[in-house]
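S.K.: Based on these hints, arrange chain F on the given structure of chain B.
Order-wise, the sequence lines are chains B and F. When the letters of the first sequence are read in order and numbered with the numbering used here, they come out as residues 254 to 643. When the letters of the second sequence are read in order and numbered with the numbering used here, they come out as residues 254 to 643.
Just so you know, these hints were derived from the structure itself, not from any lab. Since the model is a prediction, treat every value here as computed from it, not as a measurement. A couple of the hints might just be wrong.
Identical chains blur together in the list; that is why a pair holds if it fits in one copy or across any two.
In silico DSS-like links for lysine-lysine, alpha-carbon gap of 27 Å or less [to be verified]:
id, residue 1, residue 2
1, K274, K607
2, K368, K274
3, K366, K274
4, K467, K368
5, K274, K467
6, K445, K274
7, K445, K607
Number of protein chains: 2
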Amino acid sequence: MSEIADAPVSAGANQSVDRLKTPCALVDPRVVERNTRRMSETAHRLGVRLRPHVKTHKCLEAGRLQVRGHFGGITVSTLAEARFFAEGGFDNITWAFPLPPDQLDEVFELSAKLKAFHVLVDQAETVEALAREASRRGRTIATLLKVDCGYHRAGVDPADPASVRLAARIAGAEGLRFEGVLTHGGHSYAAKTLDEIRAVSRQERDEVVGFAQKLRAAGLEVPTVSLGSTPTLCVPAEHLDGVTEVRPGNYAFFDLFQVEIGSCALEDVAFSVLATVVAHYPAQRKLMINAGALALSKDLGADHLGGERGYGRIVSMDGAEAFPDFRLQSLSQEHGQVTVPSAESLSAFPVGSKIRIIPNHSCMTAALFETYHLVEDGRVTGEWRPTRLW
Amino acid sequence: MSEIADAPVSAGANQSVDRLKTPCALVDPRVVERNTRRMSETAHRLGVRLRPHVKTHKCLEAGRLQVRGHFGGITVSTLAEARFFAEGGFDNITWAFPLPPDQLDEVFELSAKLKAFHVLVDQAETVEALAREASRRGRTIATLLKVDCGYHRAGVDPADPASVRLAARIAGAEGLRFEGVLTHGGHSYAAKTLDEIRAVSRQERDEVVGFAQKLRAAGLEVPTVSLGSTPTLCVPAEHLDGVTEVRPGNYAFFDLFQVEIGSCALEDVAFSVLATVVAHYPAQRKLMINAGALALSKDLGADHLGGERGYGRIVSMDGAEAFPDFRLQSLSQEHGQVTVPSAESLSAFPVGSKIRIIPNHSCMTAALFETYHLVEDGRVTGEWRPTRLW
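Isolated chain B, as found in the complex:
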């Protein structure tokens, strides 16, 4: 992978974070560095390649931190991410989304440009369409089969003999190269305890490794056996024997949801939203901020964890102090309403002061911004710019 210079420091660099125009997105790059270093060590310890997902942050700088000390491969959720990271020097990319049969032109473009570009399929029709088009163009596309390890969002059923036949069809099709199997234990997000996460981590491993063995018994080569989610790599199985690569992504930023399910601590969350307090309503024990649904997203996160959940958690500017009794109760397009325990407690955030929010789900919230302001110890030290759209 070619190296690229660090992000340019923005015009507003080294100003106080208090001077940023709100609402805006903040990232502490030291926390991203620490989070990515830990995940890198986990992958080394487990003896697997790390192909991190970049969909949470969608920016080159965080992607570079994620691949340090590994082979440089990444996972993307959209063709826009694939193009952006390809332009940024990443040359080994897996598009981990069921291939839309109407978007093959771009697949062939990326495949021609990159050292490796892997697509994902779980539909017989899509396999045939891709094989037909590859054959017509005289090209070969590296193709992964998506396996359902129990999340039941997408993927073939590993217990169904038709799934083995589909793998064999990929392996036998002119124009396709069978690259292996891929799964995502997304049901780890429904866990209530660390033991429940670990049970999903084992299931994710056992299902995909078992299916790979079944394919090998049927005479197929299975170079890649890929799994991953942030919870199942933060609370991993004891070993990942038989797995070749892992694809966590959210851990670069983390968020309140990951804190609540146990993937990380609050101080590991690298991403937050800065807003301004625009009003106090003491009779309603409420304050208003200028960050609404377009700055925070309406993702409520982990419903199953119960309780009266809000749209994020209020923390002090330096992150040292949280305000657990302050609740971000309601979001409209640009308004955020924070209920507070008493009229007196409003004095913690005067009208005009800044307030910081850890969002429920950083993947949703980060995508709403065009700039992440890098903030270290209250100073703005640079900015990262993500891609967006499709």
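M.R.: Chain F alone, transformed into the frame defined by chain B:
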């Protein structure tokens, strides 16, 4: 207001909608034209100025349709909208958001540039900060007082004597010109019946008109008495005597939420999202589309209307056929999962085919796109480009 040429027709104009890359946003400009014409007629009939809100679509072309036949004033939710519409020739703008005291520089810039730029306040501290800064700069800022008519999101209590004193303070402050009172009957969105909407419409009128009379009795001039929401203007009070202007916005596009509360019919919704069917899972009676939470938003809309709600409604490409038994049950970042009544019903949408979704809340969903493709009778006839951010 200066006139601006029509939007340029895009390179892909007059192609079939089936050829658009998904996910993408579709707008039927004929429906926008009809919706805006009807609202214009409503305002004329009720004898009030129409100052439409542009926050739903954030694009110049829809804004121009909204102000046709009226005085050209608009309402915005962000400074980014104010700048964008000012650049686009709109010169009479109300920023209908509680003024953040840390964003006064831009207020003075816009106020200097435009024929009229009105800001909104409901906090004594903000009034003092604005007055101080206006006085220091030798400038005058047109200032509206936000009144709470029962929604209880923001605004002063019209029954509280302190609210009259705050209006008097604005009127008496050097550097401020008291422009009048403004309210928003946003609790109309919680209505279950048309009668309930109409009750809010009357309350919205009575509270703000009554408060204006109270201010006049106290010797203040109140040039503007402003109210409005899409439901309370689609199901208006019998008269708006005492009201000078109305500010509905969502009606330009409408959405599923407005259909469900009774503001409009399904065929009045001008905005939709186009996606591709990427997978069938017959055992789960489910199909997968490539529009997830970043293409549709996770706004669930009208919880209080009950029922097993999804994230939007599936309609045929021409809008003539709806699929009420298809439910957009789950969204992750890029995946949308649609449950269907039977494995056989999957044949309505083969893998690779296009599918159209009317979103719950068009304000949230439209903000996720950088282009609206104009589609008439299945042909792409142009595009509109909204602004975004703050």
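S.K.: A separate judgement is required for each hint: does it hold in the structure or not?
M.R.: Each hint, compared with the structure:
| no. | hint | verdict |
| --- | --- | --- |
| 1 | K274 to K607 | within (10 Å within a copy, 40 Å between copies) |
| 2 | K368 to K274 | between (41 Å within a copy, 25 Å between copies) |
| 3 | K366 to K274 | between (39 Å within a copy, 21 Å between copies) |
| 4 | K467 to K368 | neither (29 Å within a copy, 74 Å between copies) |
| 5 | K274 to K467 | neither (56 Å within a copy, 37 Å between copies) |
| 6 | K445 to K274 | neither (38 Å within a copy, 39 Å between copies) |
| 7 | K445 to K607 | neither (33 Å within a copy, 38 Å between copies) |
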